[in-house]
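In case you want the letters, here they are:
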Amino acid sequence: MKKSDLPQDNICTFEGAKKALYVTRDDGSYEIEQSSGWEIEELATMQAVEEFKRLEHEAYERYEKQERSSLEVWMYRRRMTLKTLSECTGFWRICIKRDFNYNRFLKLKPSRLAVYADVFDITQSELLKPTKLEK
Amino acid sequence: MTNFTHMHAAHCESGVVSSLITHQGFQISEAMAFGIGGGMTFAYLPMVKLDGMPLIAYRMPPKHIIKTITKRLGLTLNIKKYKDAKSAKEDLIAMLEDGKLVGLQTSVYWLPYFPTDMRFHFNAHNLLAYGIKDDKFLISDPVFDTPKEVGIDELDKARFAKGVFAPKGACYTIEGVSEDIDLKEIIKKAIKKTSGMMLYNFMPWIGINGMKSMRKAILKLENNSDKRYRSLYLGHIIRMQEEIGTGGGGFRLMYAAFLSEAAKIFDSNQLQVASKMMTDAGDAWRMFAFATSKVCRDKEHSLDDVISKLDEAIEKEYLTYKFLRSIKL
Chain A
1 MKKSDLPQDN
11 ICTFEGAKKA
21 LYVTRDDGSY
31 EIEQSSGWEI
41 EELATMQAVE
51 EFKRLEHEAY
61 ERYEKQERSS
71 LEVWMYRRRM
81 TLKTLSECTG
91 FWRICIKRDF
101 NYNRFLKLKP
111 SRLAVYADVF
121 DITQSELLKP
131 TKLEK
Chain B
1001 MTNFTHMHAA
1011 HCESGVVSSL
1021 ITHQGFQISE
1031 AMAFGIGGGM
1041 TFAYLPMVKL
1051 DGMPLIAYRM
1061 PPKHIIKTIT
1071 KRLGLTLNIK
1081 KYKDAKSAKE
1091 DLIAMLEDGK
1101 LVGLQTSVYW
1111 LPYFPTDMRF
1121 HFNAHNLLAY
1131 GIKDDKFLIS
1141 DPVFDTPKEV
1151 GIDELDKARF
1161 AKGVFAPKGA
1171 CYTIEGVSED
1181 IDLKEIIKKA
1191 IKKTSGMMLY
1201 NFMPWIGING
1211 MKSMRKAILK
1221 LENNSDKRYR
1231 SLYLGHIIRM
1241 QEEIGTGGGG
1251 FRLMYAAFLS
1261 EAAKIFDSNQ
1271 LQVASKMMTD
1281 AGDAWRMFAF
1291 ATSKVCRDKE
1301 HSLDDVISKL
1311 DEAIEKEYLT
1321 YKFLRSIKL
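Just so you know, the protein sequences line up as chains A and B, in that order. Each residue of the first sequence is one higher than the last, beginning at 1 in my numbering. Each residue of the second sequence is one higher than the last, beginning at 1001 in my numbering.
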């Protein structure tokens, strides 16, 4: 990539940060140059971010209808999947799935709640009552 | 620490390693560290899932570069892990007050200075701590253009994140640069190893074979009626390449920079040619990402262009390794 081809799209996901990339000078040698991002990267990153937001949104609706517990909301809010959550807590996936049950989750042992709260870096009361998500 | 200058690098691990070794008095660029450290690869691992998507890596797994380069250059690598955040923190403070430059393994998600939209659960991000000022760690994160300051307690969560590659507070220092390093011999060995792996690894997920496996997986998407999945899958490929892979086939461009540096050391025109070929391969990967993004945006778009751009990238990279192996150094 030539220096003149280096994208400078000022993408929102970088929040003003710059990325270093290797570009070629005219004589074929290399130098490191800063880029404010490429819109293709922004597209891909935002797609992943939006997907988690969509999942969080759906989970929140289920939580409001008391179909599912707030655990699911927090899981997606912290950009985790069932697999990530299982790896972080050390709980089996099938057991986490049981905790998605609304009533069961409310009656969960404090020690188990504490593990979830620690992984999400929140208090137990926040865990049980997630704030409404911003649009 | 007084004599430390922050270096902006394309990749966290090669950047950290190059800073650590340079600080020991042996000047080494990031690209050279990446090349000698054997960081280059391609891996498509459908059985390892990231957020439900296959793992696609354009470089070797975490810690590979740092381990390989210290071995090849004959340096001592001291890695420490901890059981609890408190002792990890105290130890880090002691090391910094000793004037040491310390590499840390952290989780991207819990680093306070990371842009919100780029926080995902990746536990093997490397950065440097180079001092303490007013109860704040002075941090040099190679992938950021400026040094950062982080409150003494704000690193705990990032250093003790759980899950895959859990850092367990890992921190490391490098010591003992020997006087007589035969760089030529090391470069020769590194190029041979990398090109051999890319061309001849028997596993279908690694190297050129891995690229072909990924091509097959993309072809399968053509018949998949779930268009949202198709779009997410392709977006995932771009992310692995652009966001996590330093951008625009960035590792290819960095490897090309390494080859160009090596060409100067050997005074070899052929290596310079190989460097040019590798740049072209990197640019081809960039065009592939561009073509893929079109399909991501428009769900009805055909995949033909994506496949032809991928074929081009595979072909170019294949020829580069073939050529590299034919050079007598």
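These are computed hints drawn from the structure, not numbers from a lab. Take the hints with a grain of salt, since some may be wrong.
Okay, the calculated bits of chain A under chain B, using three or more residues with CB under 8 Å as the criterion [claimed, not checked]:
1. 14 to 25
2. 37 to 43
3. 80 to 87
4. 98 to 107
Built from N, CA and C at the ideal position, the CB exists for glycine as well.
Next on the checklist: Tell me whether the statement that chain B covers the stretch 37 to 43 of chain A is true, taking a Cβ distance below 8 Å and needing three residues at minimum.
Outcome noted: Our answer is that it holds, as 4 residues pass the Cβ test (under 8 Å) against chain B, meeting three.
Next on the checklist: Using a Cβ cutoff of 8 Å, are there at least 3 residues of the stretch 98 to 107 of chain A near chain B, or does the coverage claim fail?
Outcome noted: violated (count 0)
Checklist entry - Has the stretch 14 to 25 of chain A got at least three residues whose CB is nearer than 8 Å to a CB belonging to chain B? => result Since 10 is at least three, the answer is holds.
Next on the checklist: Is the coverage entry for the stretch 80 to 87 of chain A by chain B consistent with the three-residue Cβ rule at 8 Å?
Outcome noted: holds (count 5)
When the structure is compared with the earlier hints, a violation turns up for hint 4 alone.
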